[in-house]
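Dock chain A against the given chain X, drawing on the hints supplied.
Protein chains in written order, with our numbering: chain X, 1 to 368; chain A, 369 to 736.
Worth flagging that the hints you see were computed from the coordinates, not collected in a lab.
On a predicted model such as this, the values are computed, not experimentally measured, just so you know.
Think of the CB as a built atom: it goes at the ideal place given N, C-alpha and C, for glycine as much as any other residue.
Check before you lean on any hint, since a few could be wrong.
Take a look, some chain X residues computed to stay more than 10 Å from chain A by CB distance [claimed, not checked]:
#  : residue
1  : 53
2  : 86
3  : 104
4  : 132
5  : 137
6  : 169
7  : 171
8  : 206
9  : 227
10 : 290
Here are the simulated DSS-like cross-link-like pairs (lysine-lysine), alpha carbons at most 30 Å apart as the crow flies [unchecked claim]:
#  : chain 1 : residue 1 : chain 2 : residue 2
11 : A       : 650       : X       : 146
12 : A       : 546       : X       : 53
13 : X       : 84        : A       : 514
14 : X       : 92        : A       : 490
15 : X       : 129       : A       : 490
16 : A       : 546       : X       : 146
17 : X       : 146       : A       : 567
18 : A       : 514       : X       : 129
19 : X       : 261       : A       : 490
20 : X       : 122       : A       : 497
21 : X       : 146       : A       : 460
22 : X       : 129       : A       : 567
23 : A       : 514       : X       : 146
24 : A       : 415       : X       : 146
25 : A       : 421       : X       : 122
26 : A       : 629       : X       : 146
27 : X       : 199       : A       : 490
28 : A       : 452       : A       : 629
29 : X       : 261       : X       : 47
30 : A       : 546       : A       : 415
31 : A       : 546       : A       : 452
32 : X       : 47        : X       : 178
Protein chains: 2
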Amino acid sequence: MENEETKTVPKSWAMVGGDGPRSYAQNSSYQRGVLNVVNELMNEGIKETLDFKSPCFDSSNVCTFRIADFGCSAGPNTFLVMEKIIEAVEQKYHAQFQNSPPLEFQVFFNDVTTNDFNTLFKTLPLYQKYFAAGVPGTFYGRLFPKSTLRLAYSSYSLHWLSRVPEEVVDTKSPAWNKGIIQCSGTAKEVAKAYSAQFKTDMDNFLNARAQEIIGGGLMVIITLGLPDGILMSQTGAGIFNDFFGYCLIEMAKLGVISEEKVDTFNLPLYYSSAKELEEIIKNHGHFCIERLNMMNHPMMKRKIDVQSHISQFRSIFQGLLEAHFGRDDVDKIFEYLAEKLAENYDSVFNAAKHQHVEHFVLLKRNIN
Amino acid sequence: MENEETKTVPKSWAMVGGDGPRSYAQNSSYQRGVLNVVNELMNEGIKETLDFKSPCFDSSNVCTFRIADFGCSAGPNTFLVMEKIIEAVEQKYHAQFQNSPPLEFQVFFNDVTTNDFNTLFKTLPLYQKYFAAGVPGTFYGRLFPKSTLRLAYSSYSLHWLSRVPEEVVDTKSPAWNKGIIQCSGTAKEVAKAYSAQFKTDMDNFLNARAQEIIGGGLMVIITLGLPDGILMSQTGAGIFNDFFGYCLIEMAKLGVISEEKVDTFNLPLYYSSAKELEEIIKNHGHFCIERLNMMNHPMMKRKIDVQSHISQFRSIFQGLLEAHFGRDDVDKIFEYLAEKLAENYDSVFNAAKHQHVEHFVLLKRNIN
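The following block holds chain X by itself, in its conformation from the complex:
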């Protein structure tokens, strides 16, 4: 079930697979760090908003509870989260139906087609409490039959755009992001293009999920964002990205990589404000916002060494960089970045006055 959207999503944006030292599986402790906070918010949210006695829930077979993780990567964080969600759902179910037969859970792990599902499947917990399935494909299109999911989850995924806005890498456009590789927030035309792409992507995501999630069903979104009024280039992550862009330009000047490739490279990432997120969801109209919390990541201010930072960054962006610059240049890029980071440690890691945030959003599918 592919549509126009899904065809435009490059196949290279999966995290690094396997479980080797460069894999996402071994480099996702930052993402795991926030899980305790998230689990508490989810637990509370499920307890207060999930209602097994809602008329929609009764109309189909209540015994199978289907959950999907949109953007699960190759594990292992997704397994920990799914377990916690199931615990919370079971508690709510038993509170509402004391003597009913136990629920059966089916958990769908979704990510792009090039995601390493083989590693995901091989590392599934041996005694999981659910029936597991993998679903390949972009979540900006439909992935499930109508009204079959009761709970959707997506973390650290929706800040990935389906593509870089064309204008920002078009050297003839007024929105050309010259010398910068991200939506730093300073150039208005660039910010407008990124924001429009984010809105289109979010609308596609919400449209697809609105069809797939049963009325009364829940959706948890955790995504990277910015505090209101703060620009990306003022945050630690933004300063790092700008520094990475500066390194690419230097490498092009040295003739190590192609200047044209640097000019046409931008990160397909967008950190939204809570206000922007709220507006998109409210305008869409099929989901009710039950919670919208801003979280400061507990690991945000930890002291980090250059090599760990490079490893984490590489596990996320290697596929994307390889697709743009070619495999051979990627090693050179990371070597150069490591060298320059070591020389400029303080100005990159200790200069930021602000930090990005994590948005925690809990939505309920309207019954209609």
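Below, chain A without anything else, positioned relative to chain X:
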């Protein structure tokens, strides 16, 4: 959702993954050869036995039609079959409900956890008519929530036992299969042990599917078998396996591979008779046999060159042989086998008076 059964299934029995020259994907033309015959039988069977107006079908959401392929391997045969099944189901649906909204199909591709799902997902047809999902795990245990499948399919998979019966590789047992690596049918104790394992496995398979398939739902099984009264060792496939066993023994005598490893090696395969299959299904009691046909494979008598035969054999058994003999010895084994096959071409490929058959079984889940 693992159980005792699933723990005993070695992880090495997946077909060779990827799409290289040694992959199952490139060496499954034999299996594909029978599909035209199968498609016709399935088409007829679905038309005559699938009933959307049965009370069970109405009780849950009729709009989603879930199909599972148990033992799909890494493709591409499974895609062709799923497409044909969907066509037949759609025709029947439209014949019964002229003006109803179209069905939505969800297809689950199941195989063991070590199957190459990455290749399967990457080679999914770009515009398939269904929502696709991969389900890792042995089909001798539960893989789906209760009453959620409407059609199950399994081809060239159920002749794979969950394990080699212990007795036949126990040098102290009266059922020790000395000097032979298969259930050739000549030694009674060996045949009894293999037959008992097949019955246990089939019972486990039917038990799991009986829970997963909705009342009135269908199951198509295509499996390798024997004509009544014919022994495995009298068939072309049996003669080849015996020859392979002879080669292993010769290699052990030459000191190339370990004698102890040859003594404890047997193929976890069982070719059942139609009578045996029928008895197991009838005794099980949850499925009604709608069709039980014996097919002679159109490619059975084709002239085949040694290298093609080795490639096909290797794409199926490499994982199993590596797990038993170790990776280094497997290359040697296939080199030796190729050499000996070339020397003994006539006695191996032209000696058989009989051939194995394919059983086509169409079952309907009882409504109870």
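> Looking back at the hints listed earlier, which ones does the structure fail to meet?
Replying inline: 3, 4, 5, 11, 12, 14, 16, 17, 25, 26, 28, 29, 30, 31, 32
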